[in-house]
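As they're listed, the protein sequences go chains A and B. Just so you know, the numbering used here puts 102 at position 102 of the first sequence, and the rest follows in order with no gaps. Just so you know, the numbering used here puts 167 at position 167 of the second sequence, and the rest follows in order with no gaps.
Because the hints were derived from the structure by calculation, they are not lab data. From a predicted model like this one, the values you see are computed outputs, not experimental measurements. Do not rely on the hints blindly, as some may be mistaken.
Stated by the list, open to error - Once the Cα atoms are required to be at most 25 Å apart in a straight line, the calculated SDA-like pairs of lysine to any residue come out as:
1) B:13 - B:31
2) B:211 - B:31
3) B:49 - B:149
4) B:55 - A:211
5) B:184 - B:49
6) B:55 - B:121
7) A:217 - A:146
8) B:204 - A:47
9) B:55 - A:171
10) B:123 - B:136
11) B:184 - A:82
12) B:13 - B:137
13) B:49 - B:137
14) B:55 - B:129
15) B:211 - B:157
16) B:184 - A:171
17) B:204 - A:142
18) B:204 - A:53
19) B:55 - A:53
20) A:217 - A:171
21) B:55 - A:47
22) B:49 - B:140
23) B:204 - A:51
24) B:204 - A:137
25) B:13 - A:80
26) B:55 - B:135
27) B:55 - A:215
28) A:217 - A:142
29) B:211 - A:61
30) B:211 - A:49
To be verified - Away from chain B, derived, C-beta distances all over 12 Å, residues of chain A:
31) 53
32) 58
33) 67
34) 81
35) 86
36) 116
37) 120
38) 135
39) 189
40) 199
Virtual Cβ for every residue (Gly too), placed ideally from N, Cα, C.
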Amino acid sequence: MENQISFFSSFGLNDVFFMAEAAYRTLLISMISISIGTVIGGIFGWMLFEGRILATILLGPILDVFRSVPLIIQLVLFYNFAPIVGFDLDAFESGLVILTLYTAALVANVVRGGIASVGEPMRRAARSLGMNYWQDLRYVVFPIGVRAIFPSWVGVALGVLKDSALVSVLGYVELLRASQILMTRTQEPLLIIAVAGAFYFALSYPISRFSAGFERKWSQ
Amino acid sequence: MFDYNFHWRPVLKSLPDLLEASLVTLQVAVLSMIIGIIIGLFLSVIKIKTRGLPKWFATCWIELARNTPALFQLFFFGFGLGALGIHLTPFFIVLAGLSFNNAGYLAENFRGGFNAVPETQIKAARSLGMNLWQAYTRILIPQVLRIVYYPMTNQFVWAVLMSSLGMLVGFRELSGETQFFASKTYRIFEYFAAAAIIYYVMVKLILFVSKLLAARLFRY
Numbered sequence: 001m002e003n004q005i006s007f008f009s010s011f012g013l014n015d016v017f018f019m020a021e022a023a024y025r026t027l028l029i030s031m032i033s034i035s036i037g038t039v040i041g042g043i044f045g046w047m048l049f050e051g052r053i054l055a056t057i058l059l060g061p062i063l064d065v066f067r068s069v070p071l072i073i074q075l076v077l078f079y080n081f082a083p084i085v086g087f088d089l090d091a092f093e094s095g096l097v098i099l100t101l102y103t104a105a106l107v108a109n110v111v112r113g114g115i116a117s118v119g120e121p122m123r124r125a126a127r128s129l130g131m132n133y134w135q136d137l138r139y140v141v142f143p144i145g146v147r148a149i150f151p152s153w154v155g156v157a158l159g160v161l162k163d164s165a166l167v168s169v170l171g172y173v174e175l176l177r178a179s180q181i182l183m184t185r186t187q188e189p190l191l192i193i194a195v196a197g198a199f200y201f202a203l204s205y206p207i208s209r210f211s212a213g214f215e216r217k218w219s220q
Numbered sequence: 001m002f003d004y005n006f007h008w009r010p011v012l013k014s015l016p017d018l019l020e021a022s023l024v025t026l027q028v029a030v031l032s033m034i035i036g037i038i039i040g041l042f043l044s045v046i047k048i049k050t051r052g053l054p055k056w057f058a059t060c061w062i063e064l065a066r067n068t069p070a071l072f073q074l075f076f077f078g079f080g081l082g083a084l085g086i087h088l089t090p091f092f093i094v095l096a097g098l099s100f101n102n103a104g105y106l107a108e109n110f111r112g113g114f115n116a117v118p119e120t121q122i123k124a125a126r127s128l129g130m131n132l133w134q135a136y137t138r139i140l141i142p143q144v145l146r147i148v149y150y151p152m153t154n155q156f157v158w159a160v161l162m163s164s165l166g167m168l169v170g171f172r173e174l175s176g177e178t179q180f181f182a183s184k185t186y187r188i189f190e191y192f193a194a195a196a197i198i199y200y201v202m203v204k205l206i207l208f209v210s211k212l213l214a215a216r217l218f219r220y
C-alpha cells in the first residue's frame, strides 16, 4: 500500500513559483500592450476630436469594431488571419497586437472625452495669450485633460490586465492557462483557482486603490 | 495576394444555426442582467446601510467581481464548484459567472445612484405611511435605475460580449457554436469573421434599442 504510485502529484511550492512566473507573463503582456496602446489611443483620440468628417467616417467605426466584438473572437480571428497575409506570429505576438489595438480603441474614446472636457473658453484664452496650437495642447489641454481622464484610464488599464487572461486561448501560458495546466495535473481545482484568484487580486486591487487615492488627492 | 482560398459557403449554410445560437447568447445575457440587477441592488444597499459581517460580505463580492478576470470567475463556477461536488451544466456556469460579475459591477454603479438621491426622500416616504420596503421599491430604486440607465446599458453590452467565454466551458452560444463549426470544417477564419459580424450587429442593435427605450422612458 505504501508504494502505491499516484497518477497525480499534489500542489507544491514549485507550482507556486510556476504560477508566479505565469503571473509575470500576464503582467508583461498587459504592461506592453497598455503602454503602446495608450500612446496610439492618445493619438487616435486627438484625431477623433480634431479630424471632423474624415475621422468620424473612417476611424470611428474601425475603433468601434474593437469595442463591440468580444476580445476572444478578435484574438482567434487575428491569430488565424495573420498567416493568411503572410505574418507568422506566435501566440504572444498576436495577443500583443490585439490587446494593443483593443487598448488603443478604448483609450481613444477616453482621450476624446478628456480633450472635450477642457472646454473651448480655456483654449481660446490660451491662444489669446499667444500660445500656438501645440503649446496650447501641451501646456493647457494635457495637464487638465490628464486629470479628468485618469480614473477612466486606470479602469481601461485594469480591464486590459484582466482581459489578458483571454490570450490563453491562443496557447500563451499566462496565469489562467498555468492554473489550468496545474488543475489537470494535481486534480485540486479549488485550491489552484484560489491561488490564481489571489494573484489576479494582488495585481489589480492595489492599482485600483492607488488610483482612488490619487483621485481623492487631486480633487481636493 | 492571398495564398489562401476563402470558403464562405459552409458559413452561409450554417448561418441559421449561428443566428439561433446568438439568441442563446442574448438569452443568457438578459437573464444574467436581471439576476445581476437584483443582487446588485441588494449588495449596494447592504454596503451602504450595514456594518460588520454583511458589509464585509458585500465588499468582498464587489471587489472580487471587479478585480478578477471574468474567465477566472467562469472557471470558478465550472471547475471550482465541480470540486465541491456541485456540477453545473455549461448554461448555468455561464449564467452564474455572468450574474456574479454583473452584480459586482452594477452594485458599484448603484452605489453612486443611491448617493445621488437625497436621503430626505426616504424620510418623506416614511412619513407618508410607507414602510421601508415600499419606500425603497417605489421611491428610491426607480430613481436609482434611471440615474444608472446608461451604465446599465454598457453593462448589458459587456455581458453579451463576455458570454462569448462560454466557448471555453463548452457552452453552445454564438462563440461556442462558431467554434464547433470551425473545428468541424477547418474554416476557422471564415466562421469567426461571421461571428464577429453577428456580434457587432447585435451590439449596435442593443444600443439602438436602448436609445429608443430611453427616449420613451425619460420623456418627462
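May I ask you to check that residue 199 (chain A) keeps its beta-carbon over 12 Å from the closest beta-carbon of chain B? violated, 9 Å
Does the structure keep residue 123 (chain B) and residue 136 (chain B) at a Cα separation of 25 Å or less? holds, 11 Å
Between residue 13 (chain B) and residue 137 (chain B), does the CA-CA distance stay at or below 25 Å? violated, 49 Å
So is residue 135 (chain A) really clear of chain B, every C-beta pair being over 12 Å apart? For residue 135 (chain A), whose nearest Cβ neighbour in chain B is about 36 Å away, the distance exceeds 12 Å, so it holds.
Evaluate the condition: distance from the CB of residue 86 (chain A) to the nearest CB of chain B exceeds 12 Å. violated, 8 Å
Is residue 217 (chain A) within 25 Å of residue 171 (chain A), Cα to Cα? violated, 42 Å
Checking a non-interface call: every C-beta of chain B should be farther than 12 Å from the C-beta of residue 53 (chain A). Is that right? Its Cβ never comes within 12 Å of chain B, the nearest being 21 Å, so this holds.
What's the verdict on residue 55 (chain B) and residue 121 (chain B), does the C-alpha distance respect the 25 Å limit or exceed it? holds, 23 Å
Sort out whether residue 61 (chain A) lies within 25 Å of residue 211 (chain B), counting only the CA atoms. holds, 18 Å
Need the status of pair residue 211 (chain B), residue 157 (chain B): alpha-carbon distance at most 25 Å? holds, 13 Å
Hint check: residue 55 (chain B) vs residue 211 (chain A), CA-CA at most 25 Å. Holds or violated? holds, 23 Å
With the threshold set at 25 Å, check whether the alpha-carbon distance from residue 204 (chain B) to residue 53 (chain A) stays at or below it. Satisfied, since the Cα-Cα distance of roughly 21 Å is no more than 25 Å.
Hints 1, 5, 9, 12, 14, 17, 19, 20, 21, 24, 33, 34, 35, 39, 40 from the list above are not met by this structure, while the remaining hints are.
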